[in-house]
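For the protein sequence lines, the chains are D and V, in the order given. If you count the first sequence from 1, position 89 lands on 89 in my numbering, and the numbers rise without skipping. If you count the second sequence from 1, position 19 lands on 19 in my numbering, and the numbers rise without skipping.
Note that these hints are calculated values from the structure, not bench results. Hints are not guaranteed to be accurate.
So the derived list for chain D, only partly shown, Cβ under 8 angstroms to chain V, looks like this [unchecked claim]:
#1 Gln42
#2 Tyr50
#3 Leu51
#4 Lys69
#5 Ser94
#6 Phe104
#7 Lys113
Built from N, CA and C at the ideal position, the CB exists for glycine as well.
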Amino acid sequence: AQSVTQLDSQVPVFEEAPVELRCNYSSSVSVYLFWYVQYPNQGLQLLLKYLSGSTLVKGINGFEAEFNKSQTSFHLRKPSVHISDTAEYFCAVSDYGNTGKLIFGQGTTLQVKP
Amino acid sequence: ETGVTQTPRHLVMGMTNKKSLKCEQHLGHNAMYWYKQSAKKPLELMFVYNFKEQTENNSVPSRFSPECPNSSHLFLHLHTLQPEDSALYLCASSQDLSAMGGYTFGSGTRLTVV
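Just chain D, with the same shape it has in the complex (with noise of 0.2 angstroms):
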């Protein structure tokens, strides 16, 4: 069975500072990974999603994440974080057997402080 930790529940920053959220995933097949932001009240969007190819991947907003097949983690990154970046952020991964199913982790809360 696929499962994914988010090993830092809580995560503050100062404004313009570089930021790391980490995610670990195991699974026995090849996945899919994602990344989805949650603003209060709001549903889940989602920022960036690798499939295959190259392990650097761009998302919306600045975000970037590395998939990393032998650490199996997909860690997101950003260079200089906004306020509006203050969100909750998932990890969700997703196998190949076309059951539709993702698996979220337990979200990573991003504070970003002035």
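Dock chain V against the given chain D, drawing on the hints supplied.
Chain V alone, transformed into the frame defined by chain D:
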């Protein structure tokens, strides 16, 4: 209107009430999902529908009854709920069950059971 629309946004119901949550997507997607998001817990997949046929029931109690009359609409009928069922209920859709494109989420229905 585009995207995934959920109504109502907020719902307060007694334990003996019957209510329904509605989800509508205008994206031409063929798969639709119900997720439950509780505080301090990962998102829990409840049901999966593909071409209006249920393909997954993740051991959800029978007090939750889904209905998918067509690929664009998804309902969640609620009856005799418990206070622990209070949560944010999220609807999502995807092009198909490969989920390669990820999901598109609605804004959710915040349910409070009193």
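If any of the earlier hints don't hold here, list their numbers in rising order.
The structure breaks hints 2, 4 and 7; every other hint is satisfied.
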